[in-house]
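Participant: Each chain, letter by letter, is given below.
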Amino acid sequence: MAAQGNLREGVRVLGQLLIRFLVGGLFVSAFAVFGTVLKPRSFAGLFGAAPSVGLATLALTIATEGKAYAAMEARSMLGGAAAFLVYAWCAMVLLYRYKPPAKIFTSLLLFLWLAVALTLWFYFFKAGV
Amino acid sequence: MYVKLNLAALAQTKPREYAIRFLFGGVVTVVTGLIADKFGPAVGGLFLAFPAIFPATATLVAAHEREKKYAAGIDGTARGRDAAALEARGAAFGAIGLAAFAAIVWRLLPDHPAPAVLIAAAVAWLAVSILLWRLRQILR
Chain A
1 MAAQGNLREG
11 VRVLGQLLIR
21 FLVGGLFVSA
31 FAVFGTVLKP
41 RSFAGLFGAA
51 PSVGLATLAL
61 TIATEGKAYA
71 AMEARSMLGG
81 AAAFLVYAWC
91 AMVLLYRYKP
101 PAKIFTSLLL
111 FLWLAVALTL
121 WFYFFKAGV
Chain B
130 MYVKLNLAAL
140 AQTKPREYAI
150 RFLFGGVVTV
160 VTGLIADKFG
170 PAVGGLFLAF
180 PAIFPATATL
190 VAAHEREKKY
200 AAGIDGTARG
210 RDAAALEARG
220 AAFGAIGLAA
230 FAAIVWRLLP
240 DHPAPAVLIA
250 AAVAWLAVSI
260 LLWRLRQILR
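Those protein sequences? They're chains A and B, same order as listed. For the first sequence, the positions run 1 to 129 when the working numbering is used. For the second sequence, the positions run 130 to 269 when the working numbering is used.
Quick caveat, the hints were computed from the structure, so don't treat them as lab data. Be careful, since some hints might not be right.
Unchecked claim - Taking beta-carbon pairs under 8 Å as the criterion, some of the chain A residues facing chain B (in silico):
hint: 1; residue: R20
hint: 2; residue: F43
hint: 3; residue: A44
hint: 4; residue: A49
hint: 5; residue: G54
hint: 6; residue: L55
hint: 7; residue: A56
hint: 8; residue: A68
hint: 9; residue: A70
hint: 10; residue: L95
hint: 11; residue: W113
hint: 12; residue: K126
Unchecked claim - Derived pair list, reagent style DSSO-like, types lysine-lysine, alpha-carbon separation capped at 27 Å:
hint: 13; chain 1: B; residue 1: K198; chain 2: A; residue 2: K99
hint: 14; chain 1: A; residue 1: K39; chain 2: B; residue 2: K143
hint: 15; chain 1: A; residue 1: K103; chain 2: A; residue 2: K39
hint: 16; chain 1: A; residue 1: K103; chain 2: B; residue 2: K197
hint: 17; chain 1: A; residue 1: K99; chain 2: B; residue 2: K197
hint: 18; chain 1: B; residue 1: K198; chain 2: A; residue 2: K39
hint: 19; chain 1: A; residue 1: K39; chain 2: B; residue 2: K197
hint: 20; chain 1: A; residue 1: K99; chain 2: B; residue 2: K143
hint: 21; chain 1: A; residue 1: K103; chain 2: B; residue 2: K198
hint: 22; chain 1: A; residue 1: K126; chain 2: A; residue 2: K67
hint: 23; chain 1: B; residue 1: K167; chain 2: A; residue 2: K67
hint: 24; chain 1: A; residue 1: K39; chain 2: B; residue 2: K133
hint: 25; chain 1: B; residue 1: K167; chain 2: A; residue 2: K126
hint: 26; chain 1: B; residue 1: K143; chain 2: A; residue 2: K103
hint: 27; chain 1: A; residue 1: K39; chain 2: A; residue 2: K99
C-beta atoms are modelled at their ideal positions from N, C-alpha and C, and glycine is treated no differently.
Sequences and hints are given; from them, build the entire structure.
Facilitator: Here it is, written out as structure tokens:
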């Protein structure tokens, strides 16, 4: 009986993860299409910071955890967005000036995003709503 | 400078490149949910603004520009990296729009219908991002 319950819970969790994966993939792909077809390049770049993961995650979180929980996530998202601004600005300046390989450089720079985001979380968002 | 629609770019993008974006988006959304489950919404929320597909997009942009120049008999490596830098400039404006998105959801979600709040926040993201991009065009 307990084993059957565990199995059912496992299937439910896996199902939720699969839905998250599909919804996230669809939202990100849809915004990426806009970034592909729009010109000039600097305008298309706006879609590189589209709220695709935010929309997908918040919609699912509201459905499963409720609005108060999702609002708390959105509050911290402010810190993530500030970290994204630092990330993108550094990528722009350093790519122009030193022309490092885009793939390696923009991937390594994700550590900068993480450092800035966690610092902001520690000082401003740790306490909750 | 005017904004143009270049639908031919869709055909230039390889199926593998679409698949990579889908995969990245799916994985980041799953990981964000798992982080929120493990460490709570205050930490998980940070990852709603994770630059999920920016490295993939910048890499593709640089590669496309390089290939275009290569076809014309020119080494386009530096030009490709300049194109990635331009993409990053747009993303910086988009990130400020992302903050507007987050602020609207944070303040309005508890007392208003969720679909309306998410739509309003997405519109705010687009409006703020375009406004900043346009201001940059006017002021430069």
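Participant: Look at each hint and say if it fits the structure.
Facilitator: Here is what the structure says about each hint:
Restraint check, A:R20 versus chain B: the minimum CB separation of about 5 Å is within 8 Å; hint holds. Because the closest C-beta pair between A:F43 and chain B is about 5 Å apart, less than 8 Å, the hint holds. Look at A:A44: its Cβ gets to within about 6 Å of chain B, closer than 8 Å, so that hint holds up. Hint on A:A49 holds. Least Cβ distance to chain B is approximately 3 Å, under the 8 Å limit.
Taking 8 Å as the C-beta contact cut-off toward chain B, the hint placing A:G54 at the interface holds, the least distance being around 4 Å. Interface hint status for A:L55: upheld, as the beta-carbon distance to the closest one in chain B is roughly 6 Å, under 8 Å. With 8 Å as the threshold, the beta carbon of A:A56 comes within range of chain B, its nearest partner Cβ sitting at about 5 Å, so the hint holds. Look at A:A68: its Cβ gets to within about 6 Å of chain B, closer than 8 Å, so that hint holds up.
A hinted interface residue such as A:A70 counts as satisfied when its beta carbon comes closer than 8 Å to some beta carbon of chain B; here the least separation is about 6 Å, so the hint holds. Hint on A:L95 holds. Least Cβ distance to chain B is approximately 4 Å, under the 8 Å limit. Using the Cβ-Cβ criterion of 8 Å, the hint placing A:W113 at the interface with chain B is satisfied: the shortest such distance is roughly 6 Å. For the restraint placing A:K126 at the interface with chain B, the shortest Cβ-Cβ distance is roughly 6 Å, inside the 8 Å limit, so the hint holds.
Restraint check: the Cα-Cα separation between B:K198 and A:K99 comes to about 16 Å, which is no more than 27 Å; the hinted pair holds. Note on A:K39 and B:K143: the hinted pairing holds, with a Cα-Cα distance of about 19 Å set against a maximum of 27 Å. About 22 Å separates the Cα atoms of A:K103 and A:K39, which keeps this hinted pair within 27 Å; it holds. A distance of roughly 18 Å separates the Cα atoms of A:K103 and B:K197; the hinted pair therefore holds under the 27 Å criterion.
For the hint pairing A:K99 with B:K197, the CA-to-CA distance comes to about 18 Å; that is within 27 Å, so the pair holds. Of the supplied pair hints, the one linking B:K198 and A:K39 holds, its CA atoms being roughly 18 Å apart against a limit of 27 Å. Annotation: proposed proximity of A:K39 to B:K197 holds, straight-line Cα distance about 16 Å (limit 27 Å). At most 27 Å may separate the alpha-carbon atoms for a hinted pair to count; A:K99 and B:K143 meet this at roughly 25 Å.
The hinted pair formed by A:K103 and B:K198 meets the criterion: a straight-line CA distance of about 18 Å does not exceed 27 Å. Between the alpha carbons of A:K126 and A:K67 the distance comes to roughly 19 Å, so the proposed pair stays at or under 27 Å and holds. Annotation: proposed proximity of B:K167 to A:K67 holds, straight-line Cα distance about 19 Å (limit 27 Å). Proposed proximity of A:K39 and B:K133 is supported: the alpha carbons are some 5 Å apart, at most 27 Å.
About 15 Å separates the Cα atoms of B:K167 and A:K126, which keeps this hinted pair within 27 Å; it holds. Using a Cα cut-off of 27 Å, the hinted pair B:K143 and A:K103 holds, with the two alpha carbons roughly 17 Å apart. For the hint pairing A:K39 with A:K99, the CA-to-CA distance comes to about 22 Å; that is within 27 Å, so the pair holds.
Violation of the numbered hints given earlier is absent; every hint is satisfied by the structure.
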